[in-house]
Amino acid sequence: MSTPTRFSSMPYTGPAPTNRSPYIPKGVDAIDKRGEEIEAKIAAPYVTSVPGQDLPTFIVEREKIVEVLRKLKEDTELRFELPVDLFGVDYPRRPEGRFDVVYQLYSFKNNERVRLVVHTDEDKAVPSSLPVFQGFDWFEREAWDMYGIKFDGHYNLRRILTHEMFQGHALRKDYDPAQRWLLTEKDVAKIVPVVEHHPEDSDFEQVTLNLGPSHPATHGTLRIVVTLDGERIIGADTEIGYLHRCFEKMSETHTYQQVIPFTDRLNYCSAIINNVGYCMAVEKLLGIEAPPRAQYIRLVLSEFMRIADHLVCIATNVLDMGALTNFWYLFQPREEIYQLVEACCGARLLPTYTRVGGLSVDAPANFLDMAKTLVKKLPKHIDDAEKLLLRNRIFLQRVEGVGAITRESAINHGYTGPCLRATGVAYDVRKAHPYMGYETYDFDIPVAEGGDTLARTLVRLEEMRQSLRILRQAIDRGLPAGPVIVDDPYVALPPKEKVYNEMESLIYHFKLIMHGIQPPVGETYFQVEGGNGELGFHLVSDGSKNPYRVRVRPPCFAVYQAFRKMIVGQTIADAIATLGSLNIIAGELDR
Amino acid sequence: MGVIKIERKKLTFLERIYLWETAKGMMVTLRHLLRNLFNYKDLPIIEYPEVKRIYSERFRGRHILTTREDGTTRCVACYMCSTACPAECITIEAAEDDRTREKFPARYEIDLLRCVYCGYCVDACPEDAIYMTRDYELAIDTRARSVVGLRDLVVPPNMPVEPMGWRPYYGEMRKEGTAGGTGRGQEIRTAAFPDDKAPNPDLYQGDVRPASESTPARGA
Chain A
5 MSTPTRFSSM
15 PYTGPAPTNR
25 SPYIPKGVDA
35 IDKRGEEIEA
45 KIAAPYVTSV
55 PGQDLPTFIV
65 EREKIVEVLR
75 KLKEDTELRF
85 ELPVDLFGVD
95 YPRRPEGRFD
105 VVYQLYSFKN
115 NERVRLVVHT
125 DEDKAVPSSL
135 PVFQGFDWFE
145 REAWDMYGIK
155 FDGHYNLRRI
165 LTHEMFQGHA
175 LRKDYDPAQR
185 WLLTEKDVAK
195 IVPVVEHHPE
205 DSDFEQVTLN
215 LGPSHPATHG
225 TLRIVVTLDG
235 ERIIGADTEI
245 GYLHRCFEKM
255 SETHTYQQVI
265 PFTDRLNYCS
275 AIINNVGYCM
285 AVEKLLGIEA
295 PPRAQYIRLV
305 LSEFMRIADH
315 LVCIATNVLD
325 MGALTNFWYL
335 FQPREEIYQL
345 VEACCGARLL
355 PTYTRVGGLS
365 VDAPANFLDM
375 AKTLVKKLPK
385 HIDDAEKLLL
395 RNRIFLQRVE
405 GVGAITRESA
415 INHGYTGPCL
425 RATGVAYDVR
435 KAHPYMGYET
445 YDFDIPVAEG
455 GDTLARTLVR
465 LEEMRQSLRI
475 LRQAIDRGLP
485 AGPVIVDDPY
495 VALPPKEKVY
505 NEMESLIYHF
515 KLIMHGIQPP
525 VGETYFQVEG
535 GNGELGFHLV
545 SDGSKNPYRV
555 RVRPPCFAVY
565 QAFRKMIVGQ
575 TIADAIATLG
585 SLNIIAGELD
595 R
Chain B
3 MGVIKIERKK
13 LTFLERIYLW
23 ETAKGMMVTL
33 RHLLRNLFNY
43 KDLPIIEYPE
53 VKRIYSERFR
63 GRHILTTRED
73 GTTRCVACYM
83 CSTACPAECI
93 TIEAAEDDRT
103 REKFPARYEI
113 DLLRCVYCGY
123 CVDACPEDAI
133 YMTRDYELAI
143 DTRARSVVGL
153 RDLVVPPNMP
163 VEPMGWRPYY
173 GEMRKEGTAG
183 GTGRGQEIRT
193 AAFPDDKAPN
203 PDLYQGDVRP
213 ASESTPARGA
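These protein sequence lines map, in sequence, to chains A and B. For the first sequence, my numbering assigns the number 5 to the initial residue and increments by one for each residue that follows. For the second sequence, my numbering assigns the number 3 to the initial residue and increments by one for each residue that follows.
Since the hints were made in silico from the structure, they are not lab data. Treat the hints with care, since some could be wrong.
What the hints assert, rightly or not - Quick look at which bits of chain A chain B covers, simulated, 3 or more residues with Cβ under 8 Å:
1) 341-348
2) 454-465
Stated by the list, open to error - The calculated label-pair distances, taken between Cβ atoms and stated as ranges, are:
3) B/143 with A/202: 51 to 57 Å
4) A/126 with B/9: 50 to 56 Å
5) B/96 with A/493: 44 to 50 Å
6) B/24 with A/411: 45 to 51 Å
Unchecked claim - Lysine-lysine pairs mimicking DSS-like chemistry, simulated, CA-CA at most 27 Å apart:
7) A/380 with B/7
8) A/30 with A/435
9) A/515 with A/253
10) A/384 with B/12
11) A/502 with B/105
12) B/43 with A/381
13) A/68 with A/154
14) B/26 with A/381
15) A/435 with A/37
16) B/54 with A/376
17) A/381 with B/105
18) A/37 with A/68
19) B/43 with A/380
20) A/77 with A/37
21) A/384 with B/7
22) A/384 with B/43
23) A/384 with B/26
24) B/54 with A/380
25) A/569 with A/194
26) A/500 with B/105
27) B/7 with A/435
28) A/77 with A/569
29) B/7 with A/113
30) B/26 with A/380
31) A/384 with B/105
32) A/77 with A/45
33) A/381 with B/54
34) A/30 with A/45
35) B/11 with A/391
36) A/376 with B/43
37) A/391 with B/12
38) A/154 with A/253
39) A/380 with A/435
40) B/7 with A/391
Just so it is clear, CB atoms sit at the ideal spot from N, CA and C, and this is done for glycine as well.
Between the sequences and the hints, there should be enough to build the whole structure, so can you do that?
What follows is the structure, given as structure tokens:
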């Protein structure tokens, strides 16, 4: 298990973790009480609630999981309709079964979440939850790929993030990450999309075509295999994993601070939001809160990053449809947003700005002036794009009714973010579970009807205006005084002048870098509203300096799995327009 | 909870005949064109490489190792930077000077291709010894050149502040000695190393593994 590898060349030889106190979440009594209520509603002997967690948590018997999921979904008072997450955790040599399969559901009706845990083993299959939640399709495939957890009744249980020649299951604790597996061209799986309906009287024969993995219109390395009848798509399948960077495995061999640069690379169009999400998850586990000044700067940069994300999405989406002018007009303000980020933390795309407990460094003196100038400049660019697009007959004909998804289907597939709001569901993490003081800002959730490409563009355009509204209010409030990182030597490095001049601080400095942050034992989930939807981090801590498990809930992953259904019956050009509007970021999709 | 419902507006007759809307769209483009023509200075374009963007004082570019006034490196080979490095790109070998019992790095290598430029090494250094510069032009022609050693990293003592990036203090470089003492042990460096040749191309071993270790059951 602790074979020295290239990724962990120095096995941890420090002292045993000092922090063995269990993690006690905020408001745990109310959560436990709610958990008992839900347990009473399900009223089944095979569901046991686990007290003391940050969400109502239940252990469910393996065979009964689908039944429980259906009950939770269909109960008129509970309505847990949104499949948020499904992933595995490995506890080798545990008597009740090696793996945990963790399900998380969200209820729009009561604005609450529930977590279900199933214990299973290598040879025991878990019933597939696909009959209830289509959205767990790829999540189950990922759990199979990473842990070898079998799902009974899954129609297509094959590897998703790794390739066909990969041996073993990468996220198991006894997997040696130094192994290399070679995939040659002859071993690549031939994907033949399922064709549901090929009209008899068609003038064309069926043609199967590969779009990608390296195609300028796929925005990253995505492979889409389509079967065509003329120009119409009659069957489609998608293959991902070309940008898999073992984020979750690497996190397990690095300290909590060292994971922050890795989070930059998830959704690289809005990297600061990932930084914030991860750091706030660790802070939640530690039971601390960043100082107000740090929270303020995080919020302002998050909103700028959201705007940048939407700018990229719209710009490249219309670029794929041939509207080059917009691309230039929208990339210019993005450039200036990156300038602000660079002035704060020294890097444009991959900022690594936040630290657990605050920020790495205070914002520059002219931070607010720069933000003010930007907020003044941005609306003009957005208006220009809107003028060029929304009254343009060519654009409208390309996007209206294209790649539509119904509200029920979107919810069932686990959609969040602008793609869900484009189907008319007003769900935004910033409103549903406010963090960093979003509840004190006045802003609206834009929703549109139809769920097509036009609706997604409309929602994104309006969302940028709402972000600007938040930014204007933030700038009016001004930068709060105070430090930007907590004064806790077990969490944050002491200031440099103290390190140079004081023995105690020097010791803390060495201790923190050698032994890392050691959060209490426990697990937690924290979600933020990312550029594409709900970005969640589920952390499992065993009290040592390295996280036991870091799970990212990538919004793209849920969104992209429905893509192959959305494009059937449309033309290739429509598929490209749809793909652009979903804003699939391969860094986040493949992790 | 504020929710805005975005309505789709139907195209009017004028918009449907398209020509008028084209003209309006062209007006937007024309406005940009004219503004750019007559305000050439405000063009959001940098004519790289003749003109370069000026990055902030926090820019995280290529690393340097600072030196004390007497020309010895400030680094005391405490391994903090290589421990903090998430990419594991720093290799240090410590040595001790016979006369002064000072520890110093006999070998200090950074693999610039592995480096993720997060600045953790600078944050971790208790000796003010490693800084990042604003140098971002890191193109190399062979992989071996990506590994830079002391020869490439150490700068002369009074290096001007101007090219400096991410470092503990902005505005000026710290000059006075820190906890490490004067460190007269090392050979005093006034300029480049005497054997100032290109870094050893054999340093980079790549991912080549010995045949005995090759992965079992490949393709089985």
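Status of each hint after checking the structure:
1. 341-348: holds (count 3)
2. 454-465: holds (count 5)
3. B/143 with A/202: 51 to 57 Å: holds (53 Å)
4. A/126 with B/9: 50 to 56 Å: holds (54 Å)
5. B/96 with A/493: 44 to 50 Å: violated (26 Å)
6. B/24 with A/411: 45 to 51 Å: Cβ of residue 24 of chain B to Cβ of residue 411 of chain A: about 35 Å, so the range 45 to 51 Å is violated.
7. A/380 with B/7: holds (25 Å)
8. A/30 with A/435: holds (19 Å)
9. A/515 with A/253: Satisfied, since the Cα-Cα distance of roughly 25 Å is no more than 27 Å.
10. A/384 with B/12: Holds, because 24 Å separates the two Cα atoms, which is no more than 27 Å.
11. A/502 with B/105: Between residue 502 of chain A and residue 105 of chain B the Cα gap is close to 22 Å, so the pair holds against 27 Å.
12. B/43 with A/381: At roughly 17 Å apart (the allowed maximum being 27 Å), residue 381 of chain A and residue 43 of chain B satisfy the hint.
13. A/68 with A/154: holds (15 Å)
14. B/26 with A/381: holds (21 Å)
15. A/435 with A/37: holds (24 Å)
16. B/54 with A/376: At roughly 25 Å apart (the allowed maximum being 27 Å), residue 376 of chain A and residue 54 of chain B satisfy the hint.
17. A/381 with B/105: violated (54 Å)
18. A/37 with A/68: holds (23 Å)
19. B/43 with A/380: holds (20 Å)
20. A/77 with A/37: holds (20 Å)
21. A/384 with B/7: Holds, because 22 Å separates the two Cα atoms, which is no more than 27 Å.
22. A/384 with B/43: holds (20 Å)
23. A/384 with B/26: holds (16 Å)
24. B/54 with A/380: Answer holds: residue 54 of chain B to residue 380 of chain A is near 26 Å, not above 27 Å.
25. A/569 with A/194: holds (19 Å)
26. A/500 with B/105: Between residue 500 of chain A and residue 105 of chain B the Cα gap is close to 22 Å, so the pair holds against 27 Å.
27. B/7 with A/435: Roughly 16 Å between the alpha carbons, so the hint for residue 7 of chain B and residue 435 of chain A holds.
28. A/77 with A/569: Satisfied, since the Cα-Cα distance of roughly 23 Å is no more than 27 Å.
29. B/7 with A/113: With Cα atoms ~19 Å apart, residue 7 of chain B and residue 113 of chain A stay inside 27 Å; holds.
30. B/26 with A/380: OK: residue 26 of chain B and residue 380 of chain A at ~24 Å, within 27 Å.
31. A/384 with B/105: violated (59 Å)
32. A/77 with A/45: holds (12 Å)
33. A/381 with B/54: holds (23 Å)
34. A/30 with A/45: holds (24 Å)
35. B/11 with A/391: holds (13 Å)
36. A/376 with B/43: holds (22 Å)
37. A/391 with B/12: OK: residue 391 of chain A and residue 12 of chain B at ~15 Å, within 27 Å.
38. A/154 with A/253: holds (20 Å)
39. A/380 with A/435: Answer holds: residue 380 of chain A to residue 435 of chain A is near 25 Å, not above 27 Å.
40. B/7 with A/391: holds (20 Å)
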